[in-house]
Each structure stands twice: as C-alpha cells, then as structure tokens.
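Let's have the full structure, built from the sequences with the hints guiding it.
Protein chains in written order, with my numbering: chain P, 1 to 419; chain S, 1 to 323.
Worth flagging that the hints you see were computed from the coordinates, not collected in a lab. Every residue gets a Cβ at the ideal spot worked out from N, C-alpha and C, and that includes glycine. Hints may be right or wrong, so weigh each one.
[What the hints assert, rightly or not] Pairs of lysine-lysine, DSS-like flavour, derived with a Cα cap of 27 Å:
no., chain 1, residue 1, chain 2, residue 2
1, P, Lys202, P, Lys352
2, P, Lys352, P, Lys384
3, S, Lys295, S, Lys312
4, S, Lys189, P, Lys202
5, P, Lys193, S, Lys295
6, S, Lys189, S, Lys312
[To be verified] Chain P is nowhere near these chain S residues, computed Cβ spacing over 12 Å in every case:
no., residue
7, Leu5
8, Ile59
9, Pro73
10, Pro103
11, Leu123
12, Arg128
13, Ala147
14, Ile154
15, Thr155
16, Ile160
17, Ala177
18, Leu203
19, Leu284
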Amino acid sequence: MTGLNRPVPATILVVALLALTAYGVTHFPRSIVVFMLFQASILLLYFARMPGWLKGLITAGTLGVLMPVLGSINAYYLEIAVQVGIFVALALGLNIVVGLAGLLDLGYVAFFAVGAYSWAIFGSPHANAIFGGGAFPLAGWWFFVFLLVGVGVAAGAGILLGLPVLRLHGDYLAIVTLGFGEVIRVLANNLDKPINITNGPKGITPIVRPPIFFDPLLRAIGIEASPNVVYPLYLYFLVLVIVGVTVLVNRRLEDSHVGRAWEAIREDETAAQAMGVPLVRMKLLAFACGASFAGAVGVLFSAKQVFINPESFTFMESIGVLAMIILGGMGSIPGAILGATVVTVLNLQVLKGLSLWLNELRNAGVEIFGYSLANLPTQLEPAKYERMVFGLILVLMMIFRPQGILPARRRRREIEESR
Amino acid sequence: MDFELLIGIFPQVLLDGIILGFMYALIALGYTMVYGVLEFINFAHSEIFIVGAFVGVEILLALKGAGLLEGLPWMVVLLLILTAGMVVSGALAVVVERVAYRPLRNAPRLIPLISAIGVSFFLQDAIRLFESLWNNAFNLVYPTMDALNHRFEITETIDIPMKSLVVIVAALLMLWALHTIVGRTKIGKAIRAVAEDQAAASLMGINVNRMISLTFLIGGAMGGAAGVLFGIQYGLINPYTGFIPGLKAFTAAVLGGIGNIPGAMLGGLVLGLLEAFAASYLSLLTGGAFGAEYKDIFAFSVLILILIFRPKGLLGEVVRERA
Chain P
1 MTGLNRPVPA TILVVALLAL TAYGVTHFPR SIVVFMLFQA SILLLYFARM PGWLKGLITA
61 GTLGVLMPVL GSINAYYLEI AVQVGIFVAL ALGLNIVVGL AGLLDLGYVA FFAVGAYSWA
121 IFGSPHANAI FGGGAFPLAG WWFFVFLLVG VGVAAGAGIL LGLPVLRLHG DYLAIVTLGF
181 GEVIRVLANN LDKPINITNG PKGITPIVRP PIFFDPLLRA IGIEASPNVV YPLYLYFLVL
241 VIVGVTVLVN RRLEDSHVGR AWEAIREDET AAQAMGVPLV RMKLLAFACG ASFAGAVGVL
301 FSAKQVFINP ESFTFMESIG VLAMIILGGM GSIPGAILGA TVVTVLNLQV LKGLSLWLNE
361 LRNAGVEIFG YSLANLPTQL EPAKYERMVF GLILVLMMIF RPQGILPARR RRREIEESR
Chain S
1 MDFELLIGIF PQVLLDGIIL GFMYALIALG YTMVYGVLEF INFAHSEIFI VGAFVGVEIL
61 LALKGAGLLE GLPWMVVLLL ILTAGMVVSG ALAVVVERVA YRPLRNAPRL IPLISAIGVS
121 FFLQDAIRLF ESLWNNAFNL VYPTMDALNH RFEITETIDI PMKSLVVIVA ALLMLWALHT
181 IVGRTKIGKA IRAVAEDQAA ASLMGINVNR MISLTFLIGG AMGGAAGVLF GIQYGLINPY
241 TGFIPGLKAF TAAVLGGIGN IPGAMLGGLV LGLLEAFAAS YLSLLTGGAF GAEYKDIFAF
301 SVLILILIFR PKGLLGEVVR ERA
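Shown next, in the form of structure tokens:
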C-alpha cells in the first residue's frame, strides 16, 4: 500500500483500477465478482492520498458518470446502487443517535416506516378510502413536498418516543425502542380497521412516483428515451442527492455545538450535565435528527418500491442498519457509508449469488466427495441467511474490533482507553 | 354487550393466562439471573429457549419414527424430552457466555448487549440451517400424544387438557427446585455472593467465572424446559418463534423487578394474565374494533409504563447503575 501514500502514483493507480474494473463490467456484465472489484476500487479511492479536489473530482466522475453507464449495461447494478444509497442514508441517520449521542436505538426502522407510510397513503388511491372523495393520489410533484413532510412526521415520532423514555439508561432504552419498533409494525399490520389507514398486511399500492420534470429538456436536446430507461437513472441520481445532503448535514453536525454536546453525553452523562449540556433537550434533538433522515428516506423508499407493506419494516431491518454502523465504526461518517455498502452488497449480491450458484450445482447434479449435490435439501437457501450475517458481524466486531473498520478518531481513543 | 359471555369465558381465559404466565416465568428466570449477576440483558436467551423446543421435537420425531412414541409410558417420554431440552439449552447458554460475553466483560456497557443481539440473530439462522439440512424443513409441529390431549371436564364449558396440567406442574416443580438451589445450597449462596460483589466474592475464595457459567447453565436449563413445555402446549415452532416470548419474558422480569427471582415468577404470572385477558376481552369490549392482535402492544406498553413509573419493578430490587 506504499504507493497509496504518494499522490501521483496513488492517483494513477486508482484511476487505472477504476477504469480497468469498469471495463471489466462492460465485458462481463453478469459477473458479480467483477462488479464487486469495481466497488472495491471505489473503496481504494477513499484510502488513496491525493489532493482533496482531485479526490472529489474522481468520486464525482465515478458515481455521476461511470456508475450510470454501467447501470445502463446491467440495470441490476443500478438497483443495487440505489439500495446501497438508501441504506447509507439510513445508516447515517442512525449514526447520529447511536454513534454520536450514544443512545442505542433498536427500533430505528419505525421512523423509516412512518416516512414510507406518509407518502404511501397520500401518494396512492388508498387515501380516498380514509377521507372519501376522489382527490387522491396526489400529483407526482407532491413527492418533493412529502420529503419534507416525512422529515417532519418522523421527527415528531422521534420526539413522541423520546419524551417518555429518555430518562432511561443504556440497555433499558434499547429494549423500549425495540418495543416501539414492534408497536409501529403491529399498528401497520392491524390498522386496516376500524378505519382503514394502512391497509394491513396487504400493503398499499400503487404509489405515485416523482415526475420526470426534465422530460421536456431531454426532448429539447433531442433525446427520446423511454421512461423504463430514464426512471432507474433518475431514481439513482435522486438517491445520490439525498445521500449527498445527508453526508453534508452529518459533517456539519459532527463538529457543531450540538454534535459536541452529543459526544459529551455519550462519554459521560453526569459530566456533560455538570458542564451545562441540557440533557433532555439534546437527547430529544438526537432522536429527532436521526428519525428525520429515516423519514425522508422512507418517502423515497415508498416511491421507489411503488408498493409497501409491514414486512419491510421488521426488527431485522433495524438490526441490519445497526450492523452497518457497527461494522463501519460508530460515530464515523465514512464508516457508516462503508458499512452500509458492505452489508447491502453482502445481502444482495453475495448471498443471492451463492443461492443461484448452489441451485446451478444442484440442478447439474455435481458430485463432491461422492455426495451428489442434487440431494441437497431444497430448504437450504443461502439468500435467506441475512440474520446469520448480521449476527456474525455484530459478535465478531464487538469481540475483535469494537471501534469498527473506519473508526472516528475520538471513539477510537475512548475504546483504547477502556481496555 | 353480552355480559354473560364475558363471565362465561372468564375461567378459560384465567387458565390460559396462568399457563402463559408460568411459561413467561420460566423464561424470565434466565434473564433475571444473568442480570442479577452480570447486570446485562442476555438477548440471546430467547433463542436458548427455542433451542429447547427444537430438541424436544427432534426426540419426539425420532421416537415416532422408531414407532416407540405410543409404546413408552408418556411420563418417561416427557421426562426424557424435558431433561434433554434442559441439558442442551443449558450447555448452549454456557458456550454462548464463554465465546461471546466473557471477552467483553470489562467493555463499555452497550458492547456486550450488541454482542448478545448478534448471538440471538446468529442462533436463529443457525437453527434454521441445522433443521434445513436435517429435516429439509424448519417449521416443525410437535407430534401429538394421546395421553397429553386427554381433557378433564370441570363443567360443561370449561375443561383442562392434560398437557396444560403438565405445564403447570412442571413449571411449579422447576420454580421450587430453583428457589431451593439458589436459596438453600452452598452453590446458591456463592451465586448470590457473586451477584452482590464480584471482587469481594472472589476474595472469599469463590471462583467467579465458574459461578457465572453456572448461572448461565441454570438459566439456560430453565429456558430449555420452558421451550419443551412451549412446544407441548402450542405445537408449532420455528427458529424465529422464540423472539417475541423472549421479549415478553424480559418484560416480565422487569415487571417483577429485574435481578429478583421471586419477582420474575410474579412478573411472569401477572404479564401472562394481563395478556390473556387483553387477547380475549379487548375485541369484545371494543366491539371488534381492536382485536387480539394488539396483545403485543399491550405487553410493551406495560413495559414502558413500568420503566417510567416504577423502574424497580413490583418487588423492587434496587438496580445499580454501572457507568
């Protein structure tokens, strides 16, 4: 890795790797391994030492140009990128609550659900069932308004939860937030009566998507693209913008007055209070801030999926997001991004890939050591073992590297001291 | 409102509540004992509990396959699966403590909790993996035994199935045994000493690590027994079944005062009764608007209210704060 420490060879190396792997993807569009190599070279870009503006430029080029091009070759990769983006934004939101303020929130997905349902209800004909008449669904451009509504509603839910429970400490708080997450899921599952608000387990569909407002512009430059091609790209850039905003807000928060107050609370509540940090207000703020990100992402998620039901908002999702920030490093922004990417790619690509591979072997009837794989139990599907992945990540990280892969500086010191 | 109906179902609901309550009490013991000693929520206890249920079903299926299920006296079968469930769950709890918790004993407080959540998730899918390879199915049904399905009629509308009696008797026996071990024996004294003050206990010549392992063994064994009884009573199990009962048992432990063994029993019974009554009466009282589905919300609301207004629980063990 010595080459990465000097700017010129580092730049050349990284650009060459990016180009090579991207070229590889164009030639082997179906190979999961090649696409993962491409993702790995993006990670290398982060580690390479080069001037900030150059790094920014290459990152922008990779995410803004290279990725969409690869996505037009294999649309599945764009889907993965969108999913990764959604989880990055979620992880960054949870990072505020758990990483900065040190409040373990095990029901984070509840706020995600609140955001998702707020657009799902009003952005689909379902709202007519509640209010009567035929005014719904709202027009597509309301989506952008609802991004803010989602922020507001989720922040409200955060405060609602925070007010009674913030007197609790550590593990009690964790259990109560877990209970809150379950309550929201049970409500989503059962509020189809007496008034049908969530349509129960059947879920809500079709949900309106944001309009392609730049369509006239495209026509003006003479591009006649079908929505099937434009839409995934559009969603991708929308996610990119949201992730960008999230990262920016996180970075500003981290070094702000508020961010420092949060970290003080995390380190020592009593000392923080003695220094004049208003505990309750700051904790509430942390809950509301973290929740508001989840709310906005939820709105985006429901528009992307067109269909949502309570199954998307289980306890497992909360733990998945937690595993992401733990893997990356609590309180660390690059860590949260890395963790979200790795975990999502593991779930979407590695486990699913293993499932497909195993199925092929099974169908081909390959024999290993005299055991025909055709006899493998059909219930054995690696794609279903997400929990095992999350569990292993949590346990192994806690034992061997509790500060995460890319730890925040202050957090690292704290953990080293306590050893 | 049909008042007679409300009165009429009362005994049946009471019985359901008591059975559920004993189940919660048995599971809650595992949480409360570990919390008493280490001040940490053993999140993986719900999976240790369901492992017991799986051990039971595997043995029953094997016996059925060998054609022995109806041949052996039901008492022998019952004793066999209870013992096996207790041994496996207890051993698993000890292993989990050794691998995932002991290295973290001096870490900041949230770290072992996160590790425990990880163990819980890992075990869920590990059970699924095992059952998928072994049976090619992970939703398993307890084979029925005629002797256990026998119903004792009390009045025309109320009857008690044999299996419910078994659950109640077994739970009572186990709670009594635990109470004796912890309260009357030397080992129990050592465990209590470790819970009180680890450093002082080790100065008195108590092997702290061994006592902690023993705590996990006893708690795990209780959980395993509860798992087997759960399977006998409710029949259908899968690797994820344990999670919600585990959470409620934790609620029960907090309700009774966490770290307090009689408290866990009381809390379990109270929660079981509350839940049974909520499940049956909620829909009747609200004219069907809110049904039994809300019983989970009910349990969690109880937890939140208790933590806010009486964090020490009903029997008020003092919860010490560790930095």
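Do the hints match the structure? See the list:
1. For the hint pairing Lys202 of chain P with Lys352 of chain P, the CA-to-CA distance comes to about 26 Å; that is within 27 Å, so the pair holds.
2. Simply put, Lys352 of chain P and Lys384 of chain P have alpha-carbon atoms about 8 Å apart, close enough for the 27 Å limit, and the pair holds.
3. Pair hint Lys295 of chain S plus Lys312 of chain S holds up; C-alpha atoms about 24 Å apart against a cutoff of 27 Å.
4. Note on Lys189 of chain S and Lys202 of chain P: the hinted pairing is violated, with a Cα-Cα distance of about 55 Å set against a maximum of 27 Å.
5. A C-alpha spacing of about 16 Å is found between Lys193 of chain P and Lys295 of chain S, which places the hinted pair at or below 27 Å, so the restraint holds.
6. With a C-alpha separation of about 23 Å, the suggested pair Lys189 of chain S and Lys312 of chain S falls inside the 27 Å cut-off, and the hint holds.
7. For Leu5 of chain S, the shortest C-beta to C-beta distance to chain P comes to about 21 Å, beyond the 12 Å cut-off, and the non-interface label holds.
8. The claim that Ile59 of chain S lies off the interface holds: its Cβ sits roughly 21 Å from the closest Cβ of chain P, which is beyond the 12 Å cut-off.
9. At roughly 34 Å from the closest C-beta of chain P, the C-beta of Pro73 of chain S stays outside 12 Å, upholding its exclusion from the interface.
10. With 12 Å as the threshold on Cβ separation, the claim that Pro103 of chain S sits away from chain P is violated: the shortest Cβ distance comes to roughly 5 Å.
11. Against the 12 Å criterion, Leu123 of chain S falls within the reach of chain P, whose nearest CB is about 7 Å from its own CB.
12. At the 12 Å boundary, the C-beta of Arg128 of chain S falls inside the reach of chain P, the nearest C-beta of that chain being 7 Å off.
13. For Ala147 of chain S, the condition that its CB be more than 12 Å from all CB atoms of chain P holds, with the nearest at approximately 32 Å.
14. Residue placement check: Ile154 of chain S keeps its beta carbon more than 12 Å from all beta carbons of chain P (closest about 34 Å).
15. Under the 12 Å C-beta cut-off, the non-interface status given to Thr155 of chain S relative to chain P holds; the minimum distance is some 34 Å.
16. No Cβ of chain P approaches the Cβ of Ile160 of chain S within 12 Å, the least distance being about 31 Å, so the stated non-interface status holds.
17. Listed as a non-interface residue, Ala177 of chain S keeps its Cβ farther than 12 Å from every Cβ of chain P; the least gap is roughly 29 Å.
18. Every beta carbon of chain P lies more than 12 Å from that of Leu203 of chain S, the smallest distance being close to 24 Å; the non-interface claim holds.
19. Separation of Leu284 of chain S from chain P is adequate, the least Cβ-Cβ distance of about 15 Å exceeding the 12 Å criterion.
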